[in-house]
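Start from chain C and add chain H according to the hints.
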Amino acid sequence: MEKINLGVIGLGFIGKVHLRNCLNLKSVRVVAAADSSKKALNYARNFGVKQLFTDYNELLKLKDLDAVIIALPTHLHAECAIKAMEEGKHVFLEKPIARNVEEGRKIVSASKKNCVKFMVGYPSRFVPEFINLKNQMESGILGDIQLAYGVNIAAGPFFHRAESTIPRPVPEWWLNKQLTGGGVLVDLGCHMINLLRWYFGEVTDVKALLGYRFNFDFEDYATCIMNFEFGTSAVVNVGWFSQNTVVGVELFGTMSNARAYLSPSSKVVTAIKLLMGKTPKFFIPYLNEISHFVNYVKIDGNCENRLSGQDALRDLEIIAKAYKNQIE
Amino acid sequence: MVECKTRDVDSIKRAAREALKLIDHSLHKVEKIVIKPNMCYYWDWSTGQTTDPLFVAALISLFREEISPDVKISIVESDASAMKCKYAFKYLGYEKLAKDCNVDLVNLSTVEAEKAAVRVADEVFEFMIPKIIREADLCVNAPKMKYMSFTKISAALKNIYGCNPYPKKFEYHSKLDKVIVALNKVMPFDLHVLDGLTVCGSKTLRLGLVMASQDPVAIDAVAAKIMGVNPKSVAHLMLAEKEGLGKTSFVIKGFDVDYFRKRFPKRSLSEKVITLGYTVACKLGLDKRLV
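Protein chains in written order, with my numbering: chain C, 6 to 333; chain H, 2 to 292.
Hints are computed from structural coordinates only; laboratory data are not their basis. Keep in mind that this is a model prediction, so the values were computed, not measured. A virtual CB, placed ideally from N, CA and C, is assigned to each residue, including glycine. Treat the hints with care, as some may be off.
Unchecked claim - Computed beta-carbon distance windows for the label pairs:
1) Leu214(C) x Lys176(H): 28 to 34 Å
2) Ser32(C) x Lys267(H): 47 to 53 Å
3) Ser203(H) x Lys111(C): 46 to 52 Å
Just chain C, with the same shape it has in the complex:
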């Protein structure tokens, strides 16, 4: 397969990031896009996408389509991913895999049943600084990692993207627990849990302290305490309350320690790069994960998939357990 024909379903913020990254990949042909908003479809049209649909079912019927990127609100993941798999499309699905374990299991099972390749988007595993931490850990230079700390603090649904002259409202589904499956623990916690599992193996025990600063029925900050199979213990802090994003990991080993904090990208530099059609720093992990997915789809037979559906499902199981084991 020289080039894969790809469709993008959902053109919200992350959907647009994926679309623009795909346009920069030589091995990808973006043949179609779907979104319920005509304005979002116009965005794709401006970047040369020819086949545009307000109903993703129409997109899935395209015969020449090899794979789809699904960047829809969480409550639509299961239905859309399963339909895509039944149509024989390989699927890249945005995290979290689904709003609950049951839905997640159905998606994983559909991918197996229909023999399609399936990957869930977790850009943290493609961040060069976090890959470097893993390399340091595996080289033995840090000794045995006893403690780890992960943090992911952002504005979440309370963030207003003010780049445009027309202010964009916060998507309402994000403020509805029934549609998201939870609060910040699902949205940002899954990134950290997934990353730490990549470092330390399976979680054997998890407890969580949940906070409600903004008076909603979902947690807007949380502390998770986890034990891993090879003896590492970790604390993860996640929050949706700050205009100042912090994403980082610290590892404390018997020989040394190491840390990686992502430096925020300058909004001005990001805007200029986007206007020039170049890849801003913020897009790079997303570009790397899509490249990984494309290679995974292109190579026949089994090859490494850094982020299987099973992996993402496990993250959701741990989050479900954390909700259950709350620290009062």
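What follows is chain H alone, placed relative to chain C:
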């Protein structure tokens, strides 16, 4: 202008009472009061972008003490392009405030309103005016002071823009200055008490300022000076003065402008250049190529 060093209802109430005394504003017996805080997006008081619910709680307590414990008080705001009151009231702490202080929370986009026309310069604007504002005996504006890319500053006059019940406010952006003035003409507020406790300039800072005036143009001119902006360069301020909404000349009572101006986190030259570049880029439509 009064300084309030601590963030608690009693201290803020003391400062507001003093500020009203300085401007010789006596609170007469009224039945219905409307308070319009500044709510924007979903940024709470700690960011300096929105009116502190404790500030509003202090005003409520002051009015109940000075006017009557039974006075009916409503806190009003309207839906906007990027903000829905049903979330903002909860998120910004106003739902709790309404419950604690026994006041009504009113989304102006959902209440009865009457059409009204108003002329500004050579243009006539039509708006729906919420009945609750028209029928209030005392309309109190409780704005913030902050920089804004399209109008340079946002303070008392700009806060009344949020009384327009029409949610798609971005449609007014091409003639924002005129629309701000028109809304202030058609919905004149009696009293403006600015919440400068926490302010957002180049960064967020506890400034501890409480400022009151009956003149929205004068209070905005002072706010502009504190923020290091020449009031004469603020188009909506000059237009408001021309339309008779108030005077940019003012007499300061209480603390001096310089006392707060020195501490206000003013924008650096590079920030001003970035804002200008951004505004120009938006006007050229380049923002549509961002994500």
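Tested hints:
For leucine 214(C) and lysine 176(H), the Cβ-Cβ distance of about 50 Å falls outside the hinted range of 28 to 34 Å, so the restraint is violated. At roughly 50 Å, the beta-carbon separation of serine 32(C) and lysine 267(H) lies within the given 47 to 53 Å, and the hint holds. For serine 203(H) and lysine 111(C), the hinted distance range of 46 to 52 Å is satisfied, since their beta carbons lie about 50 Å from each other.
Taken one by one, the earlier hints fail for this structure only at number 1.
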